[in-house]
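Number of protein chains: 2
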Amino acid sequence: MAKDFYGDLKLGILGGGQLGRMMIQEAINFNVNIHVLDPDKNAPCRLLCNKFECGSLSDFDTVYNFGKDLDLITIEIEKVNVDALEKLEQEGVQVFPQSRVIRLIQDKGMQKQFFKQNDIPTSAFQLISSKDNLQNTSIAYPFIQKLRKDGYDGKGVKRLNSPLDIPEAFAEPSIVEELVDFEKEIAVIVARNDKGDVKTFPMVEMEFNPVVNLVEFLISPSTYSEEIQQKAEEIAKKIACDLQIVGLLAVEMFLTKSGDILVNELAPRPHNSGHQTIEGNAVSQFAQHLRAIFNLPLGDTSTRQHAVMINLLGEDGFEGLAKYEGVEEILSIDGVYVHLYGKKYTKPFRKMGHICIINENRELAITNARKVQEIIKVKA
Amino acid sequence: MAKDFYGDLKLGILGGGQLGRMMIQEAINFNVNIHVLDPDKNAPCRLLCNKFECGSLSDFDTVYNFGKDLDLITIEIEKVNVDALEKLEQEGVQVFPQSRVIRLIQDKGMQKQFFKQNDIPTSAFQLISSKDNLQNTSIAYPFIQKLRKDGYDGKGVKRLNSPLDIPEAFAEPSIVEELVDFEKEIAVIVARNDKGDVKTFPMVEMEFNPVVNLVEFLISPSTYSEEIQQKAEEIAKKIACDLQIVGLLAVEMFLTKSGDILVNELAPRPHNSGHQTIEGNAVSQFAQHLRAIFNLPLGDTSTRQHAVMINLLGEDGFEGLAKYEGVEEILSIDGVYVHLYGKKYTKPFRKMGHICIINENRELAITNARKVQEIIKVKA
Numbered sequence: 001m002a003k004d005f006y007g008d009l010k011l012g013i014l015g016g017g018q019l020g021r022m023m024i025q026e027a028i029n030f031n032v033n034i035h036v037l038d039p040d041k042n043a044p045c046r047l048l049c050n051k052f053e054c055g056s057l058s059d060f061d062t063v064y065n066f067g068k069d070l071d072l073i074t075i076e077i078e079k080v081n082v083d084a085l086e087k088l089e090q091e092g093v094q095v096f097p098q099s100r101v102i103r104l105i106q107d108k109g110m111q112k113q114f115f116k117q118n119d120i121p122t123s124a125f126q127l128i129s130s131k132d133n134l135q136n137t138s139i140a141y142p143f144i145q146k147l148r149k150d151g152y153d154g155k156g157v158k159r160l161n162s163p164l165d166i167p168e169a170f171a172e173p174s175i176v177e178e179l180v181d182f183e184k185e186i187a188v189i190v191a192r193n194d195k196g197d198v199k200t201f202p203m204v205e206m207e208f209n210p211v212v213n214l215v216e217f218l219i220s221p222s223t224y225s226e227e228i229q230q231k232a233e234e235i236a237k238k239i240a241c242d243l244q245i246v247g248l249l250a251v252e253m254f255l256t257k258s259g260d261i262l263v264n265e266l267a268p269r270p271h272n273s274g275h276q277t278i279e280g281n282a283v284s285q286f287a288q289h290l291r292a293i294f295n296l297p298l299g300d301t302s303t304r305q306h307a308v309m310i311n312l313l314g315e316d317g318f319e320g321l322a323k324y325e326g327v328e329e330i331l332s333i334d335g336v337y338v339h340l341y342g343k344k345y346t347k348p349f350r351k352m353g354h355i356c357i358i359n360e361n362r363e364l365a366i367t368n369a370r371k372v373q374e375i376i377k378v379k380a
Numbered sequence: 001m002a003k004d005f006y007g008d009l010k011l012g013i014l015g016g017g018q019l020g021r022m023m024i025q026e027a028i029n030f031n032v033n034i035h036v037l038d039p040d041k042n043a044p045c046r047l048l049c050n051k052f053e054c055g056s057l058s059d060f061d062t063v064y065n066f067g068k069d070l071d072l073i074t075i076e077i078e079k080v081n082v083d084a085l086e087k088l089e090q091e092g093v094q095v096f097p098q099s100r101v102i103r104l105i106q107d108k109g110m111q112k113q114f115f116k117q118n119d120i121p122t123s124a125f126q127l128i129s130s131k132d133n134l135q136n137t138s139i140a141y142p143f144i145q146k147l148r149k150d151g152y153d154g155k156g157v158k159r160l161n162s163p164l165d166i167p168e169a170f171a172e173p174s175i176v177e178e179l180v181d182f183e184k185e186i187a188v189i190v191a192r193n194d195k196g197d198v199k200t201f202p203m204v205e206m207e208f209n210p211v212v213n214l215v216e217f218l219i220s221p222s223t224y225s226e227e228i229q230q231k232a233e234e235i236a237k238k239i240a241c242d243l244q245i246v247g248l249l250a251v252e253m254f255l256t257k258s259g260d261i262l263v264n265e266l267a268p269r270p271h272n273s274g275h276q277t278i279e280g281n282a283v284s285q286f287a288q289h290l291r292a293i294f295n296l297p298l299g300d301t302s303t304r305q306h307a308v309m310i311n312l313l314g315e316d317g318f319e320g321l322a323k324y325e326g327v328e329e330i331l332s333i334d335g336v337y338v339h340l341y342g343k344k345y346t347k348p349f350r351k352m353g354h355i356c357i358i359n360e361n362r363e364l365a366i367t368n369a370r371k372v373q374e375i376i377k378v379k380a
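Protein chains in written order, with the working numbering: chain A, 1 to 380; chain B, 1 to 380.
Since the hints were made in silico from the structure, they are not lab data. Each hint should be verified, as a subset may be incorrect.
Copies of the same chain are indistinguishable here, so a pair counts whether it falls within one copy or spans any two.
To be verified - Below are the PhoX-like pairs computed for lysine-lysine, each with C-alpha atoms no more than 20 Å apart in a straight line:
hint: 1; residue 1: 51; residue 2: 41
hint: 2; residue 1: 347; residue 2: 377
hint: 3; residue 1: 323; residue 2: 351
hint: 4; residue 1: 184; residue 2: 323
hint: 5; residue 1: 87; residue 2: 68
hint: 6; residue 1: 344; residue 2: 10
hint: 7; residue 1: 10; residue 2: 323
hint: 8; residue 1: 87; residue 2: 347
hint: 9; residue 1: 158; residue 2: 131
hint: 10; residue 1: 377; residue 2: 351
hint: 11; residue 1: 149; residue 2: 131
When you get a sec, could you build the whole thing from the sequences and use the hints?
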C-alpha cells in the first residue's frame, strides 16, 4: 500500500456485527483508525471503533457519505449498496473486496453463471424470472429454489418436491438447482492480496445433526484424503484468481457420495466456517483478511490443533435481554474458548457467540464439543 | 461471581496503556462494559471502551469518582491511588488485585519485608530513609539502591560502587540490595482466583544483550532443568497464596550462578514478560487475568510452541509522530506476530509495540527474532 498506514489509515467496515467485531480485535494490532456503519444502534462493534455511524447499508447516499473520507473500505456483510462503492472506487477510495466482486456474489444467479463460464464444478441450475418459468424447467424434481438476492442462513431457500409445490414457490427472480445428494458439506477459505499472492486455509467439514436437521459442528482440519482436500483447495484458489478478488473468500462446497466436489456458494469476507482459525491455526481468518486488504504478505494458515466450532444460538422460546448459562462450567474444560458477540438481545436461533474447542486429539475435541453444547445456553 | 455478568458487568481499568489495550482485546469475548481512566487523552485504550475518562490515577477524588458506579476494578499499572480503592472496596466495589496487595507492591521496601516474613528467597537488603543511612549499611559494596516508590523500567535504580558514590545516591526513602551475580533473569506469571485456584505459566528467560546492556529477548519456555523450573513456579505460587491476591501476579526472579533462585520484584497485573502467551500458550496472560478477576476457572497455561518476544522501542534520536518501518518485511516470515500499541507519538526507547516470534524449533525462533530486530524500526 502506497500510504504509510500504521496509525493514519482510515479503514471503514460496512456492517458492525460479530464479523466486524472479530476483525477489529485483530485490527487493533495494526493501529488503524476504524469507522463502522451499521443500521443497528446496538451493533456489536459500536464501542470498539474510532467512529460508529448508525445508518442503512443499502442506501446509496449513506454508504457514499460514510466512505468518501476513508482510505480503505471493507465489508463484513455483502448486502451493501454496491453503486456507492463503485463511485467511491472511481474517486480513489480503495474498496476490498472490489465492488464488482460484491455485485457478482450478491446475486446467486450471477454466481452460478460465473462458475459455468469458468469451468468451476457446480450443480446443474436454471435461472428463473417468475413462477411461470417453474412449469418447464430442465431440472428434475425434487429440486432447490433459491432467491437470487438477499438469502442468508437458510432463508430464501425452498425445496420443491413436485409441480404441486409451485404455488408455494418464490415468485421473485431465483435459481433452481439440482438437489445434491452430498456426503458432506465442506468449506475452504482463501485469501488473495493485491500483489496476487493466494493462500488457502485447510479444508473444513460441517458435521450435520440429522435429528434437528442443522449443521451442528464445524470440524478442522478435515480427515478426508489428501487428494480431496487438495482438490477443494485448488478450486478455492482458482475462484479467487478468476475473480481477482482482494480480501478473503469463503467457498462453500458439497462433497458428493461419488467423491466429486461441487461449489455451492461464495462469501467475499470472513465467514462462520473460519472462526476456529482464531485458536486452531497459525493466523486467523481475520488477521489474514487484514493482511490481504492491506496488501501485506499472507500469513501461515497451517493447523495447530484439531478444532471444533459451535455456534452459540439463542435458545428457542426465549426473546429479550440475553442471559448466558453455563459459561463458567464450560471454561473448566481445557481447550474451550468462548467468544460472545456483545449482542444485547437474544431471539430464537440468533447467533449470539461461538465456542471453539481445541484438542490434540480429534475425537476428544468432538467429545468436549458435545459436552459444551449440552451445557451452554442463551436465554432471556 | 454472584452477579450475572455477561453484558451487564461494568469493569473499570485503571490505566489505558498497552496492557489495558491487550486486556480489552480479550475482554471483548466476555461482553463486559469497559471503563478506562488514564491521564493521557491519547492513551492506547481511548477508543476501545464503553467510556474513556481522562484523569489522574493518583488523585483520590478522580479514582473514587471513576470507580463508584462500577462493579469491578482492575489495574494495568500499580501507581494508582490506593486509598480511593480501599474506600471503594469498603463500599462494595470489587477491586482485584485488592487494594492492600497494590499498596504492598507499590513500595519496594514493603515487598522486601514481605519476602523476608514469608521465607521467600530474595537478596539481602536494608531499608534506607536518608542518605545518612548509606554511610553504614550492612550491605557490602558494590550494591544497588532502589527508590521504594515509583521506579519502573530501570528508573529509580542506581548502582553504588563505593562510598564515593553516595553524593550521587537517591535521597528519598529507598532500599539497598546486595548485588546479585546472576546467571539469568527469569520470570513466572501466576494467577489466582477468588476461589483460591492457583496456576502458573511456564517459567521464561530474559536474554541479555551485553553490548547495549539491556534485556533484548524474552524466551519461552525456559530450557533450564525441570527442577529449576519447578522451583521457580513453586515460589510464584507460594507468593500468590501468601498474598491471597486475586488476579495475575508477575514474579521476576534471578537465577544465580549457584543455581539458587532469588525473587527480585512483583507486578500484580499482566506483564511485559507474558506477552508471548498470546500466541505461545493455550490461554494468554490477558485471558487468564480476566478469568481470575471474574472468578472463573483458570485456563490451560501450557506452551504450544517456542516463543521469542521483542519489545518494539522508539528508535533513539527520533521523537514525534510515529512511523513504522519494516512491518511488511517481517510479516513475510512465518510465525511473526506484530502488536502495535496505538501510540501516536514516539520517543527514544518508548514501548511502541511488541513482536512475538513463534516456531516449533527454539533456535529458529531466536534466529528469526534476530532478523526481525534488524528490520523493524519506529522513527518519526
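Violations among the numbered hints
Of the numbered hints given earlier, those the structure breaks are 4, 8, listed in rising order.
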